[in-house]
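Novice: Sequence:
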Amino acid sequence: MSAWIDRYEVLLQRRNLSVNTYKIRSNQLATVREKMGEIILAEVTTRHIAKFLESWI
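Read in the UniProt record's numbering, the sequence shown has 7 at position 7, and its numbers run on one by one without any break.
What the hints contain is simulated information worked out from the structure, not anything from laboratory work. The beta-carbon is built from N, C-alpha and C at its ideal position, and this holds for glycine as well. Check the hints yourself; a few may be wrong.
[Claimed, not checked] Distance condition first, Cα-Cα at most 27 Å in a straight line; then the derived BS3-like pairs of lysine-lysine:
(1) K35 - K23
(2) K51 - K23
(3) K35 - K51
[As the list claims (entries may be wrong)] Derived CB-CB ranges, DEER-like:
(4) Y8 - T45: 16 to 26 Å
(5) G37 - Q13: 16 to 26 Å
(6) T45 - V19: 29 to 39 Å
(7) E54 - S2: 15 to 25 Å
(8) I40 - V19: 27 to 37 Å
Please take these sequences and the hints and turn them into a complete structure.
Specialist: So, in structure tokens, the structure goes:
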């Protein structure tokens, strides 16, 4: 998942987003990387997502 986040971050940089929008998205990606970065993207399940979202519910 970490490699996908790296690629997505490059795409965000290319989109000419406002500074605030880029900052928000970068923080969101950092959170995802912290919680799920070691999981292989193809192995992510709804259970992983539910566990990730559980902390905000």
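Novice: For each hint, tell me whether it holds in the structure or not.
Specialist: Hint-by-hint comparison with the structure:
The hinted pair formed by K35 and K23 meets the criterion: a straight-line CA distance of about 19 Å does not exceed 27 Å. Distance check on the hinted pair: K51 and K23 sit about 25 Å apart at the alpha-carbon level, within 27 Å; holds. With a C-alpha separation of about 10 Å, the suggested pair K35 and K51 falls inside the 27 Å cut-off, and the hint holds. Between Y8 and T45 the CB atoms are about 20 Å apart, so this pair conforms to the stated range of 16 to 26 Å.
Taken as a hint, the range 16 to 26 Å holds for the pair G37 and Q13, whose Cβ atoms sit roughly 19 Å apart. Between T45 and V19, the C-beta spacing of about 35 Å keeps the proposed range 29 to 39 Å intact. Distance hint check for E54 and S2: the Cβ-Cβ separation is about 21 Å, which falls inside the suggested range of 15 to 25 Å. The given range of 27 to 37 Å is respected by I40 and V19, whose C-beta atoms sit roughly 33 Å from each other.
Going down the numbered hints, you'll see the structure goes against none, and every one checks out.
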